[in-house]
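Chemist: From first to last, the protein sequence lines stand for chains A and B. Just so we're aligned, residue 1 is where the first sequence starts under our numbering, counting upward by one. Just so we're aligned, residue 1001 is where the second sequence starts under our numbering, counting upward by one.
Note that these hints are calculated values from the structure, not bench results. Among the clues, some could well be false.
[Claimed, not checked] Ranges between beta-carbon positions, derived for each pair:
no., chain 1, residue 1, chain 2, residue 2, range
1, A, Glu165, B, Ala1312, 47 to 53 Å
2, A, Lys198, B, Asp1209, 33 to 39 Å
3, A, Leu181, B, Pro1406, 31 to 37 Å
4, A, Lys198, B, Gly1554, 27 to 33 Å
5, A, Glu165, B, Lys1184, 26 to 32 Å
6, A, Arg129, B, Lys1184, 45 to 51 Å
7, A, Arg372, B, Ala1013, 47 to 53 Å
8, A, Arg340, B, Arg1274, 27 to 33 Å
9, B, Arg1511, A, Pro26, 52 to 58 Å
10, B, Gly1554, A, Arg318, 52 to 58 Å
11, B, Ala1583, A, Arg340, 27 to 33 Å
12, B, Arg1615, A, Glu165, 24 to 30 Å
13, B, Ala1215, A, Glu165, 49 to 55 Å
14, B, Asp1179, A, Arg318, 24 to 30 Å
Values in this document were obtained by computation on a predicted structure and should not be read as measured data. Each residue gets a CB set at the ideal place from its N, CA and C atoms; glycine is no exception.
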Amino acid sequence: MIDELTKEIEETRRSLVHELEGAQSPETLAALKERYLGRKKGRVSLLLARLRDCAAAERPRAGQAVNELKAFVEEALAAAQDRSAAAPGEWRDPSLPPSRLPAGGEHLIAAIQRRIEDIFLQLGYEIARGPEVELEDYNFTKLNIPAHHPARDEQDTFFLEGHDEMVLRTHTSPIQVRYMLEHKPPLKIISPGKAFRKDDPDATHSPCFHQVEALLVDRGVRFSHLKGTLEAFCRSFYGPDIVLRFRPGYFPFTEPSAEVDISCFLCFPPAGSRAHGQSASSPAGPEAAGSRAHGQSSSSPAGPAAAGAASGADPSCRVCKGSGWLEILGSGMVHPQVLRYCGIDPEEYSGFALGMGIERVAMVKYGVPDLRLLYENDLRLLGQFG
Amino acid sequence: MKINVEYLKRFVACGLEDGRLRELLAGLGLGTEEVLQVGGETVLDLETTPNRPDWLSHYGIAREIAAKDPRLRFVPMDLAAVDLGAPGSGFAIHIEDPADCLRYSGCIVRDLAVRESPPEVQKLLVSLGLRPINDIVDVSNLVMMTCGQPLHIFDLETLRGGQVRVRRARPGEALRLLDERDVKLDNGHLLIADGERPLALAGIMGGLDSGITPATRHVFIESACFDPVVIRLGARSLGLKTDASYRFERGMDAEATLPALRMALLLLARSQGRALKPSFFQDAYPRPQSRPVIRLEKDFPARLTGMAIPEAEAAAVLQRLGFRLRDDGAAWQVAPPSHRVDAECREDLVEEIARVLGYDRLGGEMPLTANPVLRVDEARPRLQRLKARLTAAGFQEVINYVFQSPEENRLAGPEERPLALKNPLGRDFSVMKNSLLSGLLRNTAANANQGFERVALFEIGNAFADEDGRVVERRRLALSAYGQEQRPDWRLAGREFDLAWLKTELAALARLLRLELAFRAAAHPLFRPGACFRVDCGQRPCGWCGEVAEAASGFHKLERPAFAAELDLEALLANGGEPRFQAWNRFPAARRDFTFLMARARTFQELEDAIGRLRPAALESYELTDVYQGTGVPAGQVSFSLSFTYRAAERTLTGEEVNEAHREFTGRLAAQLGLIQR
């Protein structure tokens, strides 16, 4: 009896393995399961039922053999079912990795510029453009920087062979000059673009850099409008809790002028500390404040001698180096002489202008440690942004 | 500007410790660049601005501090007892052109014994970064650091002809400067001369011959005010920048010459240990300077700033700064002090008021100004779609300088005269680029060397040209593709970039922008002959594409073929106009395939040209479905399959009609181009 049973167990096992080879659809597998494990007529159930016919002495051994068969059948069917769920019809493994399709991106500078433009467009500004090779008159004289003025020293200028009246623009402000000459107030524009200074490339200088400037001219425009606009911009761009600090500055084309710092977006201000205003002192770059155009980057977030770091700032902050403040832009009320040069009556109109360097933003906000990296166009850097 | 804090506090007795002092100065617009400790004393290196020459002295900074805090007073040295004496004879000062020299005050002091300065003076000078020389030279430096006025002291016995003349140099004149440099002079240089020869470069540097030596006994002390532009141009032309020229070119106070002279006498008397009285004194001031009076409406500071500024407070601030106010009802007539050469208009006064009161009073409000005409920028969203398409296709944007080497310009325009910079940073950056592609190829090589297998780049920027003496800049889009288009993996076959891929991408970009692009075989120095196409956009030439020529890829040491395009961006961004609805053809189309052999010597472009000439009215469109050159295709031939779609606008074409039109059309094509139908 036991021999016969053992033979049948072996046969059942073989036949299952054979049948499983061709069976992949869920339907076939369900049928197989019924045929082998079905409670009444399943082949394993029938074998179990036949244990009763065995001699008592043989029963434990026979019982063990049938139970082993049952476990084998259950396991084999389950594995087949898993495979079948995964690959109906043919072999497939959905867990295979996706192919890597190439993805390009915007240059970080272009991406920052676009974000800044987007904010000002939402505030109702229009984008104005102008040539990179500019009339010296528009780049300097009409901006109240007369020939032989020391302020020209600090904007080391590239000149062109055979075009004595032209320069590579040292800021994007001549775009504003062009716009003012061509339009009547109210004016509300931004002027993004490249600018050029004869600076040897180093960590904080580049002979080619990018600026975005804004200009608003209308009746009754006030210094406080400049601050409100900057607050709106900075909170949108850097974060809703940003606090601004205005420091007196000098630009030949604005009066009064202000250097603008923002509270460090990483470590400062602590919640509800909007009263910090003017309390901490000046970050200081290596050049005189007036030597920079609006937004030309300076050497560090805050000069080494910045007095009294803002209380609440993190002394180990990698963004503000513990000062709590970041020098980000230059601004002021458009100098009446500039308005006059551009055909606008300063008795009737006033305006503000502001400007920021995009490379500076890349360093401050995105942590790019060296300005030269932005012009090396190394995919290892560019691939991280844009 | 270096400020010794101890010395500063002699002129304004503020009890501020250093940190608070720096905060106060920062609030006034004077940032601290560096804090130094020299010999136990604190020295602040302050960041000054070109508009404030008055800040270039301890007096200037002391005045600012005193203005900020009403409880403080600026106390200058007491010079009342110093007697300059009356104008004497036997010596004379001549100013040849009062436009060059606004004022020249000078005196002669006799019987001095040159010695070391008192230790405290030496220590002070060292702390300010100056080297003590002897008491006479040190006095001139100390006066400049104290009140800002540069002095020059001559050894009287070297002066010939009993006079000093302020005049322009004559061509060919030369001078050996204090630093032992010989300089050749011309009419652009302003000199201090005696009756015979140049003595000093006015306002810049003294001459070696007339300088103070240990043997000097009698001196002539100069305290003058020169024209800023003359000094600036003179110093620049000689590559000189001195403490004196730095101050004069920013504009000095013409009223400061006499007090400075008195201060020099006082300090010199101290070191000499006896009272000094000049044996000669003259103050040449041909055209006394007067500062314009500025009218300031009393409500203007508040109007311009939006800050709450009570009138009395505004007036008090200006007065503390040394401005004199005359009440004129609704306005003040404001006379700036002579040292405030920067104060010219009412806005300058507002900045003074706001700055001293503190910018932290400034609140923010949004302007209500709206743009009068809403000019919707159509080009910007098109540019963004263009960039989105390119980045999705795997192109990375790059940004390069606008200048490059002349060799790089020659790659794109071998015959062009480049637009060159007069003062470039170096040869590699000496011409304005005439094409963006060299930059892309340079970036490509750099990235390929880093191990990137796939380098597809684009740049948007200007290319420059000199057209009939006019500088022209055009915004371009440049693309390049190098290496592996697709890396092979378990499901995709690997592919290298080729020209067809680039053309496909350009065509897809054009479709996205609703533009018609056409590629016409052409020649361009940047591209390999036979693999170069002019790209036409809406029938107009708008750029080039092709396989990069050997010259350019070799220049950048590229080992594999590179494919590139450069297009006029404005043409791509120009909107072709609003589309109008067009009813589509409701009649069924009929397709007929045409497979044939064409001689290898012919190009597909020739075939397309022929189709354009011969196309029957019912031919709606066609596409190339297969190109084959394997088994069964005779040598010298290529097999093409085209699929033609026929459709009439107003009715259903019968099968017979389509067959007839197709047969005749393909027959004529075959006859014209020598095609062998298969």
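Chemist: Hint by hint, note whether the structure agrees.
Modeler: Going down the list of hints, with the structure as the test:
no.: 1; hint: A:Glu165 - B:Ala1312: 47 to 53 Å; in the structure: 50 Å, holds
no.: 2; hint: A:Lys198 - B:Asp1209: 33 to 39 Å; in the structure: 37 Å, holds
no.: 3; hint: A:Leu181 - B:Pro1406: 31 to 37 Å; in the structure: 35 Å, holds
no.: 4; hint: A:Lys198 - B:Gly1554: 27 to 33 Å; in the structure: 32 Å, holds
no.: 5; hint: A:Glu165 - B:Lys1184: 26 to 32 Å; in the structure: 29 Å, holds
no.: 6; hint: A:Arg129 - B:Lys1184: 45 to 51 Å; in the structure: 46 Å, holds
no.: 7; hint: A:Arg372 - B:Ala1013: 47 to 53 Å; in the structure: 49 Å, holds
no.: 8; hint: A:Arg340 - B:Arg1274: 27 to 33 Å; in the structure: 57 Å, violated
no.: 9; hint: B:Arg1511 - A:Pro26: 52 to 58 Å; in the structure: 45 Å, violated
no.: 10; hint: B:Gly1554 - A:Arg318: 52 to 58 Å; in the structure: 44 Å, violated
no.: 11; hint: B:Ala1583 - A:Arg340: 27 to 33 Å; in the structure: 59 Å, violated
no.: 12; hint: B:Arg1615 - A:Glu165: 24 to 30 Å; in the structure: 55 Å, violated
no.: 13; hint: B:Ala1215 - A:Glu165: 49 to 55 Å; in the structure: 54 Å, holds
no.: 14; hint: B:Asp1179 - A:Arg318: 24 to 30 Å; in the structure: 45 Å, violated
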